[in-house]
Each structure stands twice: as C-alpha cells, then as structure tokens.
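Number of protein chains: 2
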Amino acid sequence: MHATKQRLILAGLGLMLARGYNAVGVQDVLSATGVPKGSFYHHFASKEDFALHVIDGYQANVHALLHATLTNRKRAPLDRIRDFFDGVRAAYAAEGYLGCFLGALGQELSGASEVFRHKIEGCLAQISGGIGCCLDEARTTGDIAASTDTTGMADLLVNAWEGAALRSRLARNSHPFDPVLDFYFTAMTKH
Amino acid sequence: MHATKQRLILAGLGLMLARGYNAVGVQDVLSATGVPKGSFYHHFASKEDFALHVIDGYQANVHALLHATLTNRKRAPLDRIRDFFDGVRAAYAAEGYLGCFLGALGQELSGASEVFRHKIEGCLAQISGGIGCCLDEARTTGDIAASTDTTGMADLLVNAWEGAALRSRLARNSHPFDPVLDFYFTAMTKH
Numbered sequence: 005m006h007a008t009k010q011r012l013i014l015a016g017l018g019l020m021l022a023r024g025y026n027a028v029g030v031q032d033v034l035s036a037t038g039v040p041k042g043s044f045y046h047h048f049a050s051k052e053d054f055a056l057h058v059i060d061g062y063q064a065n066v067h068a069l070l071h072a073t074l075t076n077r078k079r080a081p082l083d084r085i086r087d088f089f090d091g092v093r094a095a096y097a098a099e100g101y102l103g104c105f106l107g108a109l110g111q112e113l114s115g116a117s118e119v120f121r122h123k124i125e126g127c128l129a130q131i132s133g134g135i136g137c138c139l140d141e142a143r144t145t146g147d148i149a150a151s152t153d154t155t156g157m158a159d160l161l162v163n164a165w166e167g168a169a170l171r172s173r174l175a176r177n178s179h180p181f182d183p184v185l186d187f188y189f190t191a192m193t194k195h
Numbered sequence: 005m006h007a008t009k010q011r012l013i014l015a016g017l018g019l020m021l022a023r024g025y026n027a028v029g030v031q032d033v034l035s036a037t038g039v040p041k042g043s044f045y046h047h048f049a050s051k052e053d054f055a056l057h058v059i060d061g062y063q064a065n066v067h068a069l070l071h072a073t074l075t076n077r078k079r080a081p082l083d084r085i086r087d088f089f090d091g092v093r094a095a096y097a098a099e100g101y102l103g104c105f106l107g108a109l110g111q112e113l114s115g116a117s118e119v120f121r122h123k124i125e126g127c128l129a130q131i132s133g134g135i136g137c138c139l140d141e142a143r144t145t146g147d148i149a150a151s152t153d154t155t156g157m158a159d160l161l162v163n164a165w166e167g168a169a170l171r172s173r174l175a176r177n178s179h180p181f182d183p184v185l186d187f188y189f190t191a192m193t194k195h
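Protein chains in written order, with my numbering: chain V, 5 to 195; chain W, 5 to 195.
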C-alpha cells in the first residue's frame with residue numbers, strides 16, 4: 005500500500021478510536037499527518053470511504069492476531085483462544101484502554117448508517133467465525149463438551165468481550181477482562 | 005418537570021439513540037419538537053447539558069424497570085433479574101432494536117469526554133449494583149452457590165448484555181439476547 009495512504013489510515017485509526025467518526029474531520033487527519041487535502045482525496049473518495057479503509061486496517065491487525073494465535077499448534081485450542089484475547093487486551097493497554105474500535109464505531113454509526121452497520125457486523129462475525137473453528141477443535145479433542153454449539157459459544161464469547169471492552173473504555177482500565185475470560189473458560193470446560 | 009423540557013428530552017432520546025450525540029444538533033431537536041431555541045436554552049445550558057438530561061431520562065426509565073422487577077416478591081430472585089432483562093429487551097424491540105443508549109453514547113463519547121465517561125460508567129454501575137443485590141438474595145435462598153461473587157457476577161451479566169445489545173443494534177434483531185441470558189443463568193445455577 006502507498007505510504008501516504010497507510011499513514012492517513014493509521015492517523016485516522018488513532019483519532020477515531022479516541023473521538024469517534026463524527027467528531028473527527030478530514031482536516032484533523034490532514035493536520036495530524038501533514039498530508040495535503042488533494043492527496044487525501046486521491047486515495048479516498050470521501051470521509052466515509054476513508055473510515056471504511058480505517059476499519060479494514062484495524063481488521064487486518066485483528067486477522068493477523070487471529071492467525072498467529074488460533075493456528076498455533078503448540079497450544080491447546082482453548083489456550084489459543086485465550087492467547088488471542090490476551091493479544092487484543094495488550095493492544096488495548098498500549099492505546100490507554102480505549103476499548104474496541106469495532107464496538108466504538110459500531111455503536112456510534114450503526115443506528116443511522118447501513119453501510120457501517122453491515123461492515124462492522126461483518127467484521128465481528130469474522131472474528132466469531134475464527135474462534136468458532138478453534139472451538140470445533142476443542143470439541144474434537146474433548147476439551148469442551150461434545151454437545152457444545154461452537155458457533156453460538158463463539159458469538160457469546162465475542163459479545164461478552166465487546167461488553168467488557170465498553171466497560172474498559174468507560175473505566176479506562178483492564179479490570180473487566182479477566183473475569184469474563186475466566187467465567188467463559190470455566191463454564192465451557194465444566195462438563 | 006416542565007412539559008416542554010420533558011418533550012425536548014424525549015425527542016433528544018429518540019434522535020440520539022438512532023444517530024448518536026455528535027450527529028444530532030440542537031436544531032434537529034428544535035425541528036422535531038417545534039420548540040423555539042430560546043426555550044431550549046432556558047431549560048438547558050448547552051447541548052452537553054441537554055444530553056446529560058437525556059441520559060438521566062433514560063436512566064429514570066431503567067430505574068423504574070429495575071424497581072418494578074427486582075422488588076417483585078412474587079418471583080424468585082433470579083426470575084426477577086430475568087424479568088428485568090426481558091423488560092429491557094421489550095423496550096429495544098419497540099425502538100426497532102437500536103440497542104442500549106448507555107452503550108451507544110458510552111462508546112461514542114467516552115474516549116474524548118470525561119464528563120460522559122464518568123456519567124455513563126456511573127449509570128451502568130447503578131444497574132449492576134441493583135442486580136448484585138438481587139443476586140445476594142439468590143445466594144441467601146441457595147439458588148446460586150454460596151461462594152458466588154455477586155458483585156462480580158452482576159458486572160459480568162451487565163457487560164455481556166451490553167455486548168449483546170451492540171450485536172443486536174448491528175444486526176437489528178433480538179437474536180443475541182436469549183443465548184446470553186440462558187448461558188449465564190445456567191452457569192450460575194449449576195453448582
């Protein structure tokens with residue numbers, strides 16, 4: 005990807021994670037990067053188009069983490085899922101506990117924008133899908149009950165994490181994360 | 005409360021639940037209600053002050069529902085908590101599944117505004133506190149394990165609900181709610 009485009013996306017992610025979509029103007033992104041307006045509109049058709057690329061950039065990082073953790077054959081399937089969430093939490097910590105970008109933009113925009121609503125639901129469904137596949141392995145190895153609805157459980161876990169991420173953003177700390185992971189992993193393995 | 009003030013708050017809740025805080029201007033609220041600008045600023049010092057009153061209005065409804073359900077002695081403590089969430093879901097359904105106003109505004113604003121961050125965290129903590137008291141009763145009656153950390157469990161439940169509300173807003177349906185309630189109530193009573 006063009007270096008300027010990448011720089012704009014990275015700056016947009018930082019700005020929109022903190023302040024949201026509507027409170028960040030294209031001018032804010034230009035000021036943060038020193039990129040001229042013409043260059044911005046060379047790479048992006050509009051602010052909406054830009055934000056969709058920012059979401060893609062965020063999701064690319066999530067996919068890289070999903071891949072690094074969930075396909076790690078040295079770890080048991082449930083441990084891999086825990087590794088994924090530990091990795092997400094480490095990213096949140098580095099950002100000062102601003103929570104999940106998908107949750108933040110999803111809440112802000114999905115009431116009024118079908119484009120963002122479908123985009124962000126799709127991103128969360130992808131994450132849930134990846135975790136569901138790993139839960140399938142855990143079911144095969146007998147680490148979770150054979151009767152487990154792995155698709156449903158993956159959604160439960162992702163949604164509970166999103167709620168914890170909201171509380172983390174509100175409280176600006178990591179407190180909500182361990183309890184939710186402990187609760188789910190204990191409940192799943194108690195069979 | 006003054007009828008005009010109440011009308012403005014109600015309109016603000018509808019507009020901000022759908023579109024968020026930053027995308028709704030004072031003019032939108034005036035247009036929706038036919039209230040003149042001078043009257044708005046007679047009741048509210050600023051748009052921020054207005055939104056804080058809208059949150060108070062939302063939270064007053066939540067408190068009324070908490071009171072109606074959690075103090076209902078005809079029902080067992082855990083059933084009362086389920087009644088509360090069923091009531092919240094019924095409200096979401098009536099609004100077309102736009103999710104939780106506290107979650108929506110909390111995500112949009114808490115990265116940049118300490119005022120909204122503390123306000124909304126306080127609202128969620130109040131809900132969690134009410135549920136925690138009811139869980140104390142469930143512990144006393146033996147419906148959940150004597151070892152249950154009721155404060156922690158109430159937070160887990162509220163946070164998981166918030167995550168489900170996000171997914172409901174994204175998918176515009178009620179699908180995420182039954183699984184999360186079933187999972188928690190099953191896990192809590194399995195002892």
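If you're looking for bench data, these hints aren't it; they were derived computationally from the structure. Quick caveat, the model's predicted, so the values are computed rather than measured. Take the hints with a grain of salt, since some may be wrong.
Which copy? The list can't say, so a pair holds if one copy fits it or any two copies do.
Unchecked claim - Keeping only pairs whose Cα atoms sit at most 20 Å apart, straight-line, the calculated SDA-like set for lysine to any residue is: (1) 41 with 29; (2) 51 with 39; (3) 78 with 152; (4) 41 with 30; (5) 194 with 68; (6) 51 with 117.
Evaluated hints:
For a Cα distance limit of 20 Å, the shortest separation of residue 41 from residue 29 inside one copy, 12 Å, qualifies, whereas the shortest one across copies, 27 Å, does not. In the homo-oligomer, the alpha carbons of residue 51 and residue 39 lie at most 20 Å apart inside one protomer (15 Å), although the nearest pairing across protomers, at 33 Å, exceeds that limit. Taking the closest pair of Cα atoms, residue 78 and residue 152 never come within 20 Å of each other, the shortest separation being 23 Å inside a single copy and 34 Å across copies. Taking the shortest Cα distances, residue 41 and residue 30 sit within 20 Å of each other inside one copy (8 Å), while across copies they are farther apart (30 Å).
Taking the shortest alpha-carbon separations for residue 194 and residue 68, neither the intra-copy value of 31 Å nor the inter-copy value of 37 Å comes in at or below 20 Å. In this assembly of identical chains, residue 51 and residue 117 lie within 20 Å of each other by CA distance solely inside one copy; the values are 13 Å within and 23 Å between copies.
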